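Letter by letter, the chains look like this.
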Amino acid sequence: MASIDYPLEHPKAEALTPEFSFSESLYKWVATVDHKRLGLMYVVSALVFLVIAGIMASVIRMQLAFPLNHVVGPDTFNRLFTMHGTTMVFLVGMPMVAGFSVYLIPLMIGTRDMAFPRLNAFGFWIFLLGGCLLYFSYIGGGGLSGDGSAPDVGWFAYAPLTEKAFSRGAATDYWALGVLLSGVGSIVTALNVIATTFCMRCPGMTLSRMPMFVWVMLIDAWLVLVALPPLSAAQIMLELDRHLGANFFDTQAGGSAVLWQHLFWIFGHPEVYILIFPAFAILSEVIPVFSRKPLFGRPAMVGAVTAIGFISLGVWAHHMFAIGMTSWSNTFFAASSMLVGVPTGIKIFNWTATMYGGKLRMQTPLLFCIAFLLQFLVAGLTGIMLAVAPFDWQLHDSYFVVAHFHFTLVGGLVFGLFAGMYYWFPKVSGKMLDEKLGKWHFWLFCIGFNMTFLTLHFAGFLGMPRRIYTYYPGRGWDAINLIASLGVIPQAAGILCFVWNIIRSSLRGIPAGDDPWDAWTLEWATTSPPPEYNFEKLPVVRSSRPLWDLKHPQDPDWKYE
Amino acid sequence: MTHEEHHGEAGERSQEAAIVLPGPTFWPLVIAFGITLLLAGIVTHWAVGVVGLIVTFRAAVGWWHNVIPIEEHEEVPIDPELRPAPIQVEQRSVVRLRAGESGHRVRIPERIHPYSSGLWGGLAGGVAMAAIACLYGLVAQHSIWYPINLLAGVVIPGMGDQTVEQLRHFQMLPFFAALIGHGIISILVGIVYAVILPMFPKYAPFWAGILMPLFWSGLVATTLSVINPVMNERINWPWFVVAQLGFGLVGGYFIARSTSIRTMQTWTLAERAFVEAPGLHQPDEGKHG
Ligand SMILES: [Cu+2]
Numbered sequence: 099m100a101s102i103d104y105p106l107e108h109p110k111a112e113a114l115t116p117e118f119s120f121s122e123s124l125y126k127w128v129a130t131v132d133h134k135r136l137g138l139m140y141v142v143s144a145l146v147f148l149v150i151a152g153i154m155a156s157v158i159r160m161q162l163a164f165p166l167n168h169v170v171g172p173d174t175f176n177r178l179f180t181m182h183g184t185t186m187v188f189l190v191g192m193p194m195v196a197g198f199s200v201y202l203i204p205l206m207i208g209t210r211d212m213a214f215p216r217l218n219a220f221g222f223w224i225f226l227l228g229g230c231l232l233y234f235s236y237i238g239g240g241g242l243s244g245d246g247s248a249p250d251v252g253w254f255a256y257a258p259l260t261e262k263a264f265s266r267g268a269a270t271d272y273w274a275l276g277v278l279l280s281g282v283g284s285i286v287t288a289l290n291v292i293a294t295t296f297c298m299r300c301p302g303m304t305l306s307r308m309p310m311f312v313w314v315m316l317i318d319a320w321l322v323l324v325a326l327p328p329l330s331a332a333q334i335m336l337e338l339d340r341h342l343g344a345n346f347f348d349t350q351a352g353g354s355a356v357l358w359q360h361l362f363w364i365f366g367h368p369e370v371y372i373l374i375f376p377a378f379a380i381l382s383e384v385i386p387v388f389s390r391k392p393l394f395g396r397p398a399m400v401g402a403v404t405a406i407g408f409i410s411l412g413v414w415a416h417h418m419f420a421i422g423m424t425s426w427s428n429t430f431f432a433a434s435s436m437l438v439g440v441p442t443g444i445k446i447f448n449w450t451a452t453m454y455g456g457k458l459r460m461q462t463p464l465l466f467c468i469a470f471l472l473q474f475l476v477a478g479l480t481g482i483m484l485a486v487a488p489f490d491w492q493l494h495d496s497y498f499v500v501a502h503f504h505f506t507l508v509g510g511l512v513f514g515l516f517a518g519m520y521y522w523f524p525k526v527s528g529k530m531l532d533e534k535l536g537k538w539h540f541w542l543f544c545i546g547f548n549m550t551f552l553t554l555h556f557a558g559f560l561g562m563p564r565r566i567y568t569y570y571p572g573r574g575w576d577a578i579n580l581i582a583s584l585g586v587i588p589q590a591a592g593i594l595c596f597v598w599n600i601i602r603s604s605l606r607g608i609p610a611g612d613d614p615w616d617a618w619t620l621e622w623a624t625t626s627p628p629p630e631y632n633f634e635k636l637p638v639v640r641s642s643r644p645l646w647d648l649k650h651p652q653d654p655d656w657k658y659e
Numbered sequence: 005m006t007h008e009e010h011h012g013e014a015g016e017r018s019q020e021a022a023i024v025l026p027g028p029t030f031w032p033l034v035i036a037f038g039i040t041l042l043l044a045g046i047v048t049h050w051a052v053g054v055v056g057l058i059v060t061f062r063a064a065v066g067w068w069h070n071v072i073p074i075e076e077h078e079e080v081p082i083d084p085e086l087r088p089a090p091i092q093v094e095q096r097s098v099v100r101l102r103a104g105e106s107g108h109r110v111r112i113p114e115r116i117h118p119y120s121s122g123l124w125g126g127l128a129g130g131v132a133m134a135a136i137a138c139l140y141g142l143v144a145q146h147s148i149w150y151p152i153n154l155l156a157g158v159v160i161p162g163m164g165d166q167t168v169e170q171l172r173h174f175q176m177l178p179f180f181a182a183l184i185g186h187g188i189i190s191i192l193v194g195i196v197y198a199v200i201l202p203m204f205p206k207y208a209p210f211w212a213g214i215l216m217p218l219f220w221s222g223l224v225a226t227t228l229s230v231i232n233p234v235m236n237e238r239i240n241w242p243w244f245v246v247a248q249l250g251f252g253l254v255g256g257y258f259i260a261r262s263t264s265i266r267t268m269q270t271w272t273l274a275e276r277a278f279v280e281a282p283g284l285h286q287p288d289e290g291k292h293g
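Line by line, the protein sequences are chains A and B.
Taking my numbering, the leading residue of the first sequence gets 99, the next gets one more, and so forth.
Taking my numbering, the leading residue of the second sequence gets 5, the next gets one more, and so forth.
Derived by calculation from the structure, the hints in this document are not laboratory data.
Careful, some of the hints might be misleading.
Said to hold, decoys possible - A few chain A residues that face chain B, going by a derived Cβ cut-off under 10 Å, partial list only:
| id | residue |
| --- | --- |
| 1 | PHE118 |
| 2 | THR130 |
| 3 | PHE430 |
| 4 | SER434 |
| 5 | PRO637 |
Predicted model only: the values in this text are computed from it and were never measured.
Positions of the beta carbon are idealized from the N, C-alpha and C atoms, including for glycine.
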């Protein structure tokens, strides 16, 4: 083993990184195959789409703030919620999955790049162009007949509503094709992640020593690989129906009215886990570092994630209790859905146990993690409520469902992503994010989020259906909707704090150093931001916390693992 | 280039001048653009699709040339400016927590109350509760049978049709129904108390004696209209809560003062396998309680 005693003072060499002109640096970005640049482009595009989708959501809440309001008309409203949902899932969630994976995994497993660097670039560009194609529908969606603009069929685009007879114009085609393209990007990136984690780990990095982040994202990549092709297939079938007269979903020609629902939710339910896994992955890194304790129950965590991955493939029809399945199907899917609660509970307990007795550092990343734990718990419990088929018959397609999945995807995923961004921003940029602005961001966003979505559970209980563009006064929904809409203000203010924090800190933030959090995984062993080659020498590791071993040679982890 | 040169401790420096990485290429971008145009042709004009096809094909050829016959690489010079600082050895030493060390609990719970204490505690609490309920009957209706008859309304239909005068008198069937029901529930709740009492980190008597009866009262308050409409119409809530607290305090006291025993998890493997050998068993209090 080589030693790490080398002179601290090295002859000050001339900087070898030359200054680039604008066109040169543009070439550097568009032609890059570097996993860090691609990861960064993923996350930045996702943030841009997040802001767009957030503005759409704000308009939706403005329209619903008062009964019989007239901010937008019904057609625009349908397009807004369709584009909001589609954007959040396919153009915010999925690129965040990909961005965090491709940026961090090579660093964490001690290698220089992904297994397929060019495929990595292709995955990013096809996602971005797919997103652009979807948004081009605002211009081209009218098609030859000039009907419609953006898609208005909801993010799950139920056939036969999407058939030519009911969705005229080209809007639905833009939805299918744009999402299909970005799905291709997700599939190739998942392949890349799997190949990278299986083939490129540095010496000594056995699967059992792999950082928990990498474990979760590996299972996530498998889920993408299994779950996305059914959606792509369904979208191709839909295009065949619409353009070549196939009749997969056309009931009058012998097609099936529920086939789309099955195919969509075979993708759609695992998709929920595909989206929440990055948050799981981030929490599993942030909570130990900010509690100054190793992750509690590591093997159980790996087992739980794997179990969630498998079980989530067998629960899809809980989205379809209302279509009138046999009671055997209802029972099966209710039971399997509840089963997911077991491994999820294990994870929540383990994160809590990691914090228990730890030396907590109450900084912004940990705050977001704590809020995640509480909010995701609520989301899980309402999920189990909805898994009870008769309960679901009552509240299906109501605002209770809307509140439930926003607790999962915003209270869970988005909070987790924010934790991750505050945690890794110093590594990516070399600058610290401002802690004070971070706290403002956290509290404003947390309060606003709960104002909007806690209250909407009650709108659902009181019978308010989702996707209505307005409602009559006096049904008991007025105050709830007003509070929910007012919650947008603190949320938007929180996001503004975040954006301002990023801009200000990138320009003149405090230099972060290589390892500002005193963390234990390999990405903190290199410079911030890391050089193109990540590590001069590929590291050799002997435990799941290689940096701990180097910092505590008297008491390394490998003695105990 | 030896193997030694490529691998080292995390953050270690290399003697090499440059590192070989895959070279930049814009063909992945172009092929993605081509495929997008190809699909956009479906919804715009066939000519768009044809252009997309041509672009895709050209980009595919370009991409092949990136990797065939040999993969294109670039040499990235190692920039001494970008070297990470050496990893500092932590000066403070680490004390490993040893299982069972001063105040550290090996498993949760390390010691438990025997189930029998829950049984007896439940019965004692049940007696205390019944006494308070009868006292309420005496004060409010001048009859100890009144609350007993009300309780029997859970299982006996038609109690709701009785007048207050009838409810004041002793009735054989309702008396036994109430006695058996009250006894069984008291024992079950007592056992639940005994099982969960060691799981509370602190102030266990407080939780068991006061908070749990309050939770229990809340549970009954929300469900009573369904399980016992007769009682729901006539119940006096302050007295009810006091009776619950009586149960909690007396039962909790009985359970808490029982000798606790070690959980089986803390035994050694040999002990758990019931291997009999000299010196194996610690001279400990009754662990088989
Ligand atoms: Cu689901």
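Here is what the structure says about each hint:
With a cut of 10 Å, the hint placing PHE118(A) at the interface with chain B is violated, because the nearest CB-to-CB distance is about 13 Å. The interface hint given for THR130(A) holds, since its Cβ lies 6 Å from the closest Cβ of chain B, which is under the 10 Å cut-off. Checking PHE430(A) against chain B: minimum C-beta separation of about 30 Å lies over 10 Å; hint violated. Residue-level restraint check for SER434(A) is violated (minimum Cβ-Cβ distance to chain B is 29 Å; threshold 10 Å).
A hinted interface residue such as PRO637(A) counts as satisfied when its beta carbon comes closer than 10 Å to some beta carbon of chain B; here the least separation is about 4 Å, so the hint holds.
Hint compliance for this structure: hints 1, 3, 4 are broken, all remaining hints hold.
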